[in-house]
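With the sequences and hints as input, model every part of the structure.
Okay, here's what each chain looks like letter by letter:
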Amino acid sequence: QDLDSKSVADLLPLAKKEAKVTVYAFTSRIGRVEEAFEAAYPGIDMVAFDMSSTEQIARIKSEAAAGVAGADVIYISDAPVVLTELASQNLVTRYVPPRMESLVPEQFKSPLLAQRLSTKVLMYNEEAYPDGSPVKNLWDLTKPEWKGRVIMVDPLQRGDYLDLMTEIVLKSDDMAKAYEAAFGKPIALGEGIDNAGEQFITDLFANDLVLVGSTDDVNKAIGAKGQKNPPIGFTSYSDRRDNEDEGWALQVANDIEPSNGIVFPAFLALNATAANPAAARLAIDFMMGDDSNTGGDGFKPFYVAGDWPTRTDLAQHPDAIPLSDFKSWQIDAAETAKIRANVADFVLALQ
Amino acid sequence: MTVPLRRLRPSLARYGLTAAMALILVVLVAAPLATILIQTLQSGGGAWADVLASRLSQNLFWRPATNTMIIGLAVAGGCVLLGGFLAWLVVMTDVPGRPLIAFMATLPFMIPSFATALAWGSVFRNGRVGGAGGLLEGLGFSVPDWLSWGMVPTIVVLIAHYYALAFTVIAAALSTVNGDLVEAAQMTGASRKRILFGIVLPVVTPAVIAGGSLAFAGAVSNFAAPALLGLPVRMQTLSTRLFGMIEIGQTERGYVLAILLIAISAIFLGIGNRILNSRRSFATISGKGARPRRFTLGTMRLPLALLAWTVCILTTLLPILLLLAASLAPSSLSLFSDWTLHYWIGAADPAFARGQPGIFHHPQLISALTTTLMLGAGVVFAANALGLLIAVALTRQKVPVLSNAVSQLSFLPMLLPGIAFAAAYIALYGAPIGPLPALYGTKLLLGLALTAAMLPFAVQTGRATVAQISGDIDEAARMTGAGFFHRLWAITLPLAARGLAAGLLISFVNVIGDLAITVLLYTPTSPLLAVLSYSYASDGFHQFANAVTLVILVISMLATCAATLLRGRRRQTFA
Amino acid sequence: MISLNQVSKSFAGTRVVDDVSFSVPEGAFLVLLGPSGCGKSTMLRMLAGLEQPTGGQIRFGDMLVADGGSGFALPPARRDAGLVFQSYALWPHMTVAGNIDWPLKVARLPAEERRARIAEAMEMLGITQLAQRYPGEISGGQQQRVALARMIAPRPKVMLFDEPLSNLDATLRVEMRFELLKVHAATGATSVYVTHDQVEAMTMASHVAVMNHGRIEQFDAPERLLAEPSSAFVAGFVGTPAANLIPIADGKWLGTIADAALPDIAGHAMVRAETIELADEAGPRTVSVTLAEVVPMAGRRLVTGVANGVRITAITDSTDRLPSNLRFRLPPAAAAIFDSEGKRIS
Amino acid sequence: MISLNQVSKSFAGTRVVDDVSFSVPEGAFLVLLGPSGCGKSTMLRMLAGLEQPTGGQIRFGDMLVADGGSGFALPPARRDAGLVFQSYALWPHMTVAGNIDWPLKVARLPAEERRARIAEAMEMLGITQLAQRYPGEISGGQQQRVALARMIAPRPKVMLFDEPLSNLDATLRVEMRFELLKVHAATGATSVYVTHDQVEAMTMASHVAVMNHGRIEQFDAPERLLAEPSSAFVAGFVGTPAANLIPIADGKWLGTIADAALPDIAGHAMVRAETIELADEAGPRTVSVTLAEVVPMAGRRLVTGVANGVRITAITDSTDRLPSNLRFRLPPAAAAIFDSEGKRIS
Ligand SMILES: Nc1ncnc2c1ncn2[C@@H]1O[C@H](COP(=O)(O)OP(=O)(O)OP(=O)(O)O)[C@@H](O)[C@H]1O
Ligand SMILES: Nc1ncnc2c1ncn2[C@@H]1O[C@H](COP(=O)(O)OP(=O)(O)OP(=O)(O)O)[C@@H](O)[C@H]1O
Ligand SMILES: [Mg+2]
Ligand SMILES: [Mg+2]
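Protein chains in written order, with this note's numbering: chain A, 48 to 398; chain B, 7 to 581; chain C, 790 to 1135; chain D, 790 to 1135.
These aren't lab readings, by the way, just hints derived from the structure by calculation. Note that beta-carbon positions come from the ideal geometry of N, C-alpha and C, so glycine has one too.
Going by beta-carbon spacing under 7 Å, a handful of chain B positions derived as facing chain D:
id	residue
1	Thr194
2	Gly195
3	Arg286
Result set (EDC-like, lysine to aspartate or glutamate): computed pairs, CA atoms no more than 16 Å apart in a straight line:
id	chain 1	residue 1	chain 2	residue 2
4	A	Lys275	B	Glu143
5	D	Lys971	C	Glu1082
6	A	Lys194	B	Asp151
7	A	Lys194	A	Asp255
8	C	Lys971	D	Glu1082
9	A	Lys183	A	Asp302
10	A	Lys275	A	Glu192
Structural data, given as structure tokens:
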């Protein structure tokens, strides 16, 4: 509490005494953060573990049960699970560096501090559709011409895709409106279906939705050049940066009714029983970026097109659509968490 | 005082080893497993109801379970047939190029199964998931979905991946089969095929069961192949389901599925156990010396050789080639163009691969390499030493209930998803237990968990070979007054050497490739190759990940070579 | 030195050794004789400590080595006994010399001594030139000799032999039994020796135990066994050739040929082959037989004929051709009479 | 029906079968006799097709089955031969009945027939009650009988036996050889039979081949072997007991006892045991021996003594105690004389 309000300058001597900070991170880019951090604060050793959000969650829970403090800082995605299973049990706690209080909008500061935003949005092959997205409305995906040609990762295999499904259900009202726009008549719900979102998911699956195991398979399927009739599907906007290397033609479909997908946060949080509380706070502060307009070395690994910093003061990445122009739902992790399991069960019943 | 001691001693001699092994298995396997079981029950057991008796259970459990069992049994059968056939060819016939076939046939399970699946796709893939089709579509054939996706390709790919396990274990066993058993069969006028399936494979039943069980366990817990080939037609297996459940935060359901997977598998594995525990003996190494027997294949020599070569090339060279290409080609869409060594040795270049330098510039590659090797070697020796002891206990001391428990327990780690296994280890041994310090964060904990995870391989292979040594050989050594470990070292070990080498190899390959357990338990000061590969992959640097995978593969291959050479230097008279 | 007290052994419920008691002094040479499957090997294995009796006690001298009741068993290693396995049980991964050497190594003999013992044992068994071969590369008889050499080299106090010469030729067997007796005498060991060879039994044994169905039929000195078989089984089992056991009933040989000298019971009369003569003519106590086989032995011929399904062997000195209508003349008195249970009556 | 022409076999350079030629007609019963390691098993294995001769041809009837020169070999499966392995080679994972059944299954006999044959074979070998046991659960002799049953049940045209009765007791052996001869006669098969048992050789054989060091020493009818051994080796090897081979030199027995009847060469004189008498007093052709052993046989006693390191066996009828100062009187004429190479001279 006391520490929470300390400035970097005040934290530094304490952190130096601790001399070490352990970070669990869901991305290997933490390696580059580590180098930068140790260069910025010599004498404080950052120890970084790279593991998926799921593995972090398993590890944090087991560690808590065993009474050991593994990490000081947790850098994690998979917001709904983190909130319900970690934050609510106080296994991880919120920390917002004083420096960030004014730079990060409220919605990204609570219940945990979000460092940046990622996406799962509808994307298409710009080589096959040079005139823009062939789809203007999510409901188009349930039409016969897209039968067997919509692709995504099995929402029961990956949390972010389940979040997408959940958001669609949460935004049922928008979905119902979009239905009218697409078919020119009000939506009629099928039996046992409670809302337009569920109806959409049902119809999508009924339209021979193709499921795969990883985002990369989606990218390849959609993006591969030289296809006459490529599928369309949901994936990460930021993967577009690999277009050149991989030979893809991925492009985001932004103008979609009611939305092209979701934007979700990556959290930076403290371990409630951190062994190095000061260094932990210092590390979070560092990872939020410095005062330069690209966030400096601490944020550099995350300053990529298709991911947006939650800080409002950083410059837009030149290659990407600004967040404000991006037509996505920003998930509300708390709301999502509430019905996520039900949506999972709903999807489970479909396949 | 003396009387109870007197009573104790003979029963110790009779059950002591088994009891000791049971104790170790409780610590290594049963306790962590119980932790997981308790977790699933803590919240009222709702997950059990969801999985077994709810409107969801059909999709959540029953259908995936059915698929899993079909796959498991088909793969086990296929692997035993294919692996057994190749083992027979290599060990018992004069097929040309035996050493090379032997070498190649051990490779497939070192190649990650996604590469094998990729190889399948490169031929049979159709346009269902976009992109270009495979070779067949390229030639103008239209490939139906059942051949591109789902059950059939999954089974074929898994057989192509796991038959090497069966091959390795069965070949080791066959090489010790006393020639006169085969000769006796030849005298009856039986055809080669008849002898193979009527005598040769049955006399090495322990190895066949070991190979089959390992393949079964591998197949039912494999994730990559059903995820790659099954999902597009919405075929789910228990492993994809439970992986998904854990992934989307429904951990309890995931663990319930894992426990159910274990339970179902235990039924099938129990059948194998019963055969091994029956009165039947499989002592093919007799105390009368033995001459090895080789069939001359005659006119079938070339056709059979061709068949073996085709299988080997398709299941090893093709996936390896694809893997190699995938580590050289900038685009995963056209694997055979624009090859560059950048991903291996390139210096950092901001304009290419997001500035990532080649893997040989990775600052931790060397330390990852050495840690991997050291850890691998340590774990493998620990696991196999234990495995041999367990195998001896199971073969020589048949204690009614305990033996069965030991046998089953030693197999379970193979079926339990690594993430669950590792989590249980942290939960159980992470905190201090009584006077014992917390093991969390130590290499010891990782070592213990990996040792437990490798036990199935060690026990199965050990058991297959120990069962072949006729009892009187050991008894003759007991008569000399040599102690248990002395006999183990001088008599059992050399006679079981081939099988043990197989066990060492299989577990080594597994341990250096293991990710699921390592990723939760490793210590960051010493990353492992698998973790390295994983972090590359998780950021979308596939070429780099594949390059590291190839490094792992090369290490595995070197280990195989070493094992072969070691074996070759021994005079193979009894075998 | 070895004494057994009501020792029994069951496998899965069937008794294969049944209430066996006997004792032999130190330095004795006990031969176990008996039909296939009667429990001889099981006996040896119990003495060796490889099998635990299900009942009774085994003592070596004063020392209890196994007690079926309490389950106590001294492990084989601590009995100072050696066993030649019926199946040889050679270690297939060791050379001939290696096989012989290993027990010596276990006993921690100095290298010098070991070399000498190996050389001696191989020399004695005529396998010196096979030293570097593996068990799979030598003949059956050679393997058997290796098994013998391996057991003898460490000079155990109790030597157990399970048909150790069964795969050797007659000439070698004569040599070997000579050598074995020498070793036995030199080491003062107590030996238990299973054999099917009557000559071995008669020449080597200080005591013979004839077993049948897991029980001891007779335990005696070898000469007494021949002279005074205590049961029909023993009478018909020992001797080269074994005595004829001719069924009698109502005072008639084979139930047909009346003889006043015979008792009036149903049973068997023991008639030694050498007391049966070949007869030219029918006459008293003469039985007509069909010729089964003629075996030259000890300068004579054993002539076996079958009468009423009973094989009868006679011995003849003459080298004449046998008449096509062969007749045996039985002796005036049977050497012994056994009742229908096989118990000796006279 | 079986003929061998200059058949040889080498293992790693050493010839273990050396230039063997002979032939036997269909239905013959050939016994191979010879010391341990002389190549008997190897011969059988070549006949079976399990071993390829390195030289020479083997024919079954007119059919060439193996040719060492060209490397041609008819596979074992196509020779219609059966082999009882010296090591039994029972399949450990099958029951006794299963072991016997498997070859019948391979021969595609109908189930009915198979059952009958199994029952018959087991009955004949006295192992009926072991049908459901596994090989590891029966005694050595029982295993050997299973091996026999397994070979006999399919009734092959060529039956090869490698010491098939070595682990059976004398009584059972007599029965078995009787049964085997019956099978042999009934099926009209040609048999080749390796044994160390002289009685078996003499009673079963139509032809005997005595082997030594891979060569055939003598190939003859059994009686002729005893009566007219063609070499010192054969003389000293066959017979129960085998004839004495007493060294002679310069017309002196044992180089010391002059005898005008002896030729003036260095070699061996063959003296049958039955022609040597026990002497009370020193006298002509009398040699003083140390008693080695006494074996009761065929109602007589074989007395073996050692003189100058030479074992000499005599036969005595008397049951008297042997004098402590034992003397043997040699016969006036040796039955045969062999030169120092072992070749027969007279
Ligand atoms: N693989 C081998 N390498 C070298 N020598 C061998 C091999 N197999 C057998 N021999 C030798 O060949 C000779 C003949 O062996 P074989 O088994 O034919 O003898 P045998 O006459 O059957 O003897 P026995 O009566 O002891 O069984 C033996 O001296 C044996 O040592
Ligand atoms: N494991 C077992 N289970 C059941 N019966 C067994 C087992 N082992 C041996 N037997 C039986 O016990 C009896 C005695 O066996 P043992 O080996 O002692 O006979 P043996 O006298 O040595 O015979 P042989 O002269 O044939 O070697 C046999 O009838 C055999 O079938
Ligand atoms: Mg026995
Ligand atoms: Mg032999």
